[in-house]
Amino acid sequence: MEAKFEPRIVAFCCNWCSYAGADLAGVSRYQYPPGVRIVRVMCSGRVEPVFIFDAFKNGADGVIVTGCLPGDCHYVSGNLNAERRVEKTRKALEYLGLGAERLRLEWISASEGMKFAEVMRGFSEEIKELGPSPLKSQVKNE
Amino acid sequence: MNEEEEIRIGVFVCRCGVNIGGVVDCDEVARYAATLPGVVCTSVNKFTCSDSGQADIQEHIRKYNLNRVVVAACTPKTHEPTFRVCCEEAGLNQYLFEFVNIRDQCSWMHIWDHEGATKKAKDLVRMGVYRAKLLEPLEESEVAVDPNAVVIGAGVAGMQAAMDLGDMGFHVYLVEKEPSIGGRMARFDKVFPTNDCSICILGPKMVEVARNENIEIMSYAEVVEVEGFVGNFEVTIEHKPRYIDMDKCNGCAQCAEECPVEVPYDFNEGFGTRGAAYVPFPQAVPLRAVIDLENCLRSEGKKCNACTKACDRDAIDFSQEKRYSKVKAGVIIVAPGSVTYDPEQRNDYGYGIYDNVITTMEFERLLNADGPTEGHVIRASDCKEPMRLGFINCVGSRDIKTNVHCSGGVCCMFNMKNAILLKEKRPEISCYIFYIDIRAPFRGYDEFYNRARDIGIRFIRGRPSEVIELENGNLVIRAEDTLKGEVRNIEVDLVVLGTGIVPHKDIEKISKMLKIPRAADGLLMEAHPKLGPVDTVLEGVFVAGGASGPKDIPFAVAQGSGAASRAARLLVTGKTKIEGITAVSDESCIGCGLCVDVCPYGALTLDEKENRVMVVEAICKGCGTCAATCPVGAMEQRHFKNEQVEAQVKNLFTLA
Chain C
75 MEAKFEPRIV AFCCNWCSYA GADLAGVSRY QYPPGVRIVR VMCSGRVEPV
125 FIFDAFKNGA DGVIVTGCLP GDCHYVSGNL NAERRVEKTR KALEYLGLGA
175 ERLRLEWISA SEGMKFAEVM RGFSEEIKEL GPSPLKSQVK NE
Chain S
3 MNEEEEIRIG VFVCRCGVNI GGVVDCDEVA RYAATLPGVV CTSVNKFTCS
53 DSGQADIQEH IRKYNLNRVV VAACTPKTHE PTFRVCCEEA GLNQYLFEFV
103 NIRDQCSWMH IWDHEGATKK AKDLVRMGVY RAKLLEPLEE SEVAVDPNAV
153 VIGAGVAGMQ AAMDLGDMGF HVYLVEKEPS IGGRMARFDK VFPTNDCSIC
203 ILGPKMVEVA RNENIEIMSY AEVVEVEGFV GNFEVTIEHK PRYIDMDKCN
253 GCAQCAEECP VEVPYDFNEG FGTRGAAYVP FPQAVPLRAV IDLENCLRSE
303 GKKCNACTKA CDRDAIDFSQ EKRYSKVKAG VIIVAPGSVT YDPEQRNDYG
353 YGIYDNVITT MEFERLLNAD GPTEGHVIRA SDCKEPMRLG FINCVGSRDI
403 KTNVHCSGGV CCMFNMKNAI LLKEKRPEIS CYIFYIDIRA PFRGYDEFYN
453 RARDIGIRFI RGRPSEVIEL ENGNLVIRAE DTLKGEVRNI EVDLVVLGTG
503 IVPHKDIEKI SKMLKIPRAA DGLLMEAHPK LGPVDTVLEG VFVAGGASGP
553 KDIPFAVAQG SGAASRAARL LVTGKTKIEG ITAVSDESCI GCGLCVDVCP
603 YGALTLDEKE NRVMVVEAIC KGCGTCAATC PVGAMEQRHF KNEQVEAQVK
653 NLFTLA
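Here the protein sequences come in this chain order: C and S.
In this text, residue positions in the first sequence follow the numbering used here: the first is 75, and each later residue adds one.
In this text, residue positions in the second sequence follow the numbering used here: the first is 3, and each later residue adds one.
Bound-form chain S, shown alone:
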């Protein structure tokens, strides 16, 4: 910007309907703004972000030849991009636009103090005007977007995202921690409200994923490091040794047959056993064996060769080691899913102590024809078929002692479905569901609830206080029936706990690795809960499925597709712009190198010959820590230069 150029600022105050206008006297704010140095025009709009509001800004830019625009409205977090584009369209560099937050951080904060809020809004506008005067035009740099995508997690959401991107012609690395893709859905027996067989509908989809020539499945692998930025991520993947030659193995499971070790079978929720050598489940993709060395006799130093002998394809290979690979990707879709609450940690309702208290996921496996009991529901204490069952909802959810968050209706439906499956098969069995509220929100769900009541499942509204074990293994559920207003003691043969949905232990790791914040429930936070449900604050990184809140299957699938389409915008155009806010150094640099030490990205290098620090702008992410560290003011952060921030600080308050 030319030094001599006269500063011509336009201030636009938004009423945001009554959101701002109902608290702050917007006309007074505009009148005050007009008195500030450099301000040549002001305008008050009902909705500045509307078409007419934006047209008003553009008209003023042209009419008054504005070279700075200040909008006092909601929050830059949602609306800065809108107004930046509006300014650019009218020929004003977008970085000459300044946002003043008088809604989220003013009118909404001080609803009952109209005078105080108006005074504050005036102060905030003054800060913005003084800062705007010092703003400088910046250019965004354009970067190429690598046409590959990384999808973390191959549950139903991740699979859908991978398939959509693969079908569009983009190469996808689908990274799954477990030896098979499929996620939680592969373990379900049936799915509500249709009572479809889960693996029967998921299995073909898993095969389709494997068949898609653009999808590279990396199973038994984990993303351990992500470097770079939108369009140019470099992702490090750790491949766990499977001790199986993937090209030779055909998944015949002969090795599993012969393996002398017995390990609780995780796929069946710990019911039954598998060998240390095993095939994850019959429909696994890739259908290959895996050897879990931790439980293998070889890890105890014993010389067992049972699997090697059993394999007629010579596929067992104990020489394999953990290896790492690096892939380049333009976008990342995060879909690691969530898990159900583990009641063992607190022995909720005697789980872990009483034989006949199980979780709903365990019950799911008992119902499954391919499960540990081939679909026969029996109880652990005497292997007898239970004739009276008590289902308890909201265990580890909506509970101040464990997890206050609701599982979004998923576990209401889950327990209800399992009760229906059993009752429809064996009408003589009594089923009681203890609930706080029934949440059956989507298409066909409420009808499903009615079906449950019609076939005679008893719903008791009340959270049980305790479960007492009798000598014969039977259990008494004690609860206040809040509709009847009396305490009920109901004897049952088996108790099934409807466990809530909680974050996967990997969520924290992923959140730290990618710098995606987590919400109060511990799950990943989307960019905007309403309008950016699959975006994250990180450009080029998207989230889908249970990782960002409890979801049923159709919701997870829709999010997978949603994330894929958001990601495809970048992949299709092959380029994107990155913020012009970077560090910049000048010749007053004394070459002390203090800034080099604090830069978390290695974007600064000390040129020994020149005795001056240089910024590699493509690596710099614009945090400004270097600028704060510089003892001589040679290092600056564009758009947040010392004088620009100080202009705000100096105008914080109206001094009496």
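Here chain C stands alone, though its shape is the one from the complex:
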């Protein structure tokens, strides 16, 4: 492992709110570390636990699922399904020894570019404190 640990973060973003929020962060030039990678889905409700586990298996140090604010979901209630799934997946991560704190859920609206950048910076810092994912030493490059 390199001397300087730069966390690898996967952010699942919904097409209507948080992905647009991420774009707005860019348009407004609110910076966050390049270790953050975004995967676009139509709704946060699409994010399955398998995607999250896969992200860890493939080198992520932290995963964040982001969606519309409760009540504002473009698909009525998809974000609430996401919330339930993330909660359960956090428990599974804890059980597996990865730690629940490596998975986070955030509601970010299309107008919250600054919040998007702040959340990504903050989460990145938290993961930095936690150190690299314990899974990482066990995965090899393809």
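No lab work stands behind these hints, which were simulated from the structure alone.
Don't take each hint at face value.
Footprint (simulated), chain S over chain C, 3 or more residues, beta carbon under 8 Å [to be verified]:
no.	stretch
1	115-122
2	133-143
3	172-186
Remember, predicted model here, so these are calculated numbers, not experimental data.
Where a beta carbon is used, it is the ideal one built from N, C-alpha and C, also for glycine.
On the provided structure of chain C, position chain S as indicated by the hints.
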């Protein structure tokens, strides 16, 4: 797609001038892309979205017989449609196109980290290439567009939208919550910068709306539910009981004369009174009475018949009840407007405590010849005419304690206009305007500001810290004059608060009902602040007027027309295409029905006989929650299939 067909991917990297090229080493990204499996050609463009950039994509498709296209550029939110069309034109199904966001979410994010941004761009392109390999062609379904329109809100923006669509021959349901159309503009005395009489110019327009045979005005009604999708909305409207037979009433207001109840008159901003039975205002459209049962003696169980007796047309009907109607519409235009900040909640500058502190809207009604004082400006404490007035701008706007947003110059102009009206009528009156900055941006506005100074209105640059009431009811405004650099204590007889523009309380309801996001100021968000100012993220739904930001009248009118013309595109062609991204189930379904429970639209049905869930594609909106719920992977979301998303996830990082 044929299983054996060789995957031939073209990767196009956009420099976007220096937007991407100034941070990310685009040539390096393209060189890297060329090494990825399935990639047969790469190209770097200065602007991939330009004509020449798009021609380059089409040439490559033909030359290399590409069956997948990956563009690494700005954001799919604005440019995906452009490149999809570009691919279709060259004979490639648009869903075989993949967008990689290396500007908004990469170069702009990591301006100072060129190396990190380049590394990230390469990773993002790899994710896109692996996903592109697995993309499948999809067909968009074509749906008919119902030729009717619903316009929510009949202020000046909504009226304009309705009239434009009506004139084009489309049937419009114009739904207004209040008993009359007209909105805020009907309450203004004069309008800046011409000082035209507001109702004199609005009144004829209101009559025109009523006369337009294609417009069906639904006043005293509210949209409570919207179902369906672009072209096929089903809108539920709640009609509040008016307790008046609209066919019999002629608006003579005899019932209002006889009504024994006195209620603060909302049209006059609470000044003066009206009966529980009343006609909204003399120019109301429809010109019909309305009975506000909440304040009627009958709601207290008393047997009052004053209005029934007064009406010689037998138009009073207490048997009316709230009713609902459903209409079909191809498009919806949302124009509910905005309101001014209510200073009573914080007693700003003593409003609500001191008699002689009023808002600018209240002042507007005092100036109006048809207002509570027939145009005579008097103050509440002693009914005397004030000779010294202090106007305070930015109350409830540009203020970190209440609302940080600016009202876009509307209230600067508003207060200035009211001061001019008074001063020009009675030059001996002293007017002081306390401002932070004067915003007079459009044609004739700055000249209007000059006119105000020329006639002797005093402008003091500084936000007052407090207003102190003296024993005689006079007020002292205490402010730092930031141009002179000294504290001023100015005694006046009346203080007028220039209240900022804030969201209507219905905005939140409408935002939730239609799923249109709200911006930081709480107002509705347009699809794009520059290029889609009247579109919303929801296909077939448009926004106009104060609901999407503070606006003056010409701006609101222009937006009404703009929204109507955007909506008319759909109504004229009578058809539109809807996304091919829907759910799809296969035979491995075990019929557990978990997905049926999570579908917010009822698009899934469990076929008990087959023991399998079927998707009704016309209802499905493609969120993919069902796919995430399915325990056996039988339910999939087209374009976001498990393997397609996982292809991205597996290629997120270059592992050391």
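So, going through the hints one by one against the coordinates:
no., hint, result
1, 115-122, "holds (count 7)"
2, 133-143, "holds (count 3)"
3, 172-186, "holds (count 4)"
The structure meets every hint from the earlier list without exception.
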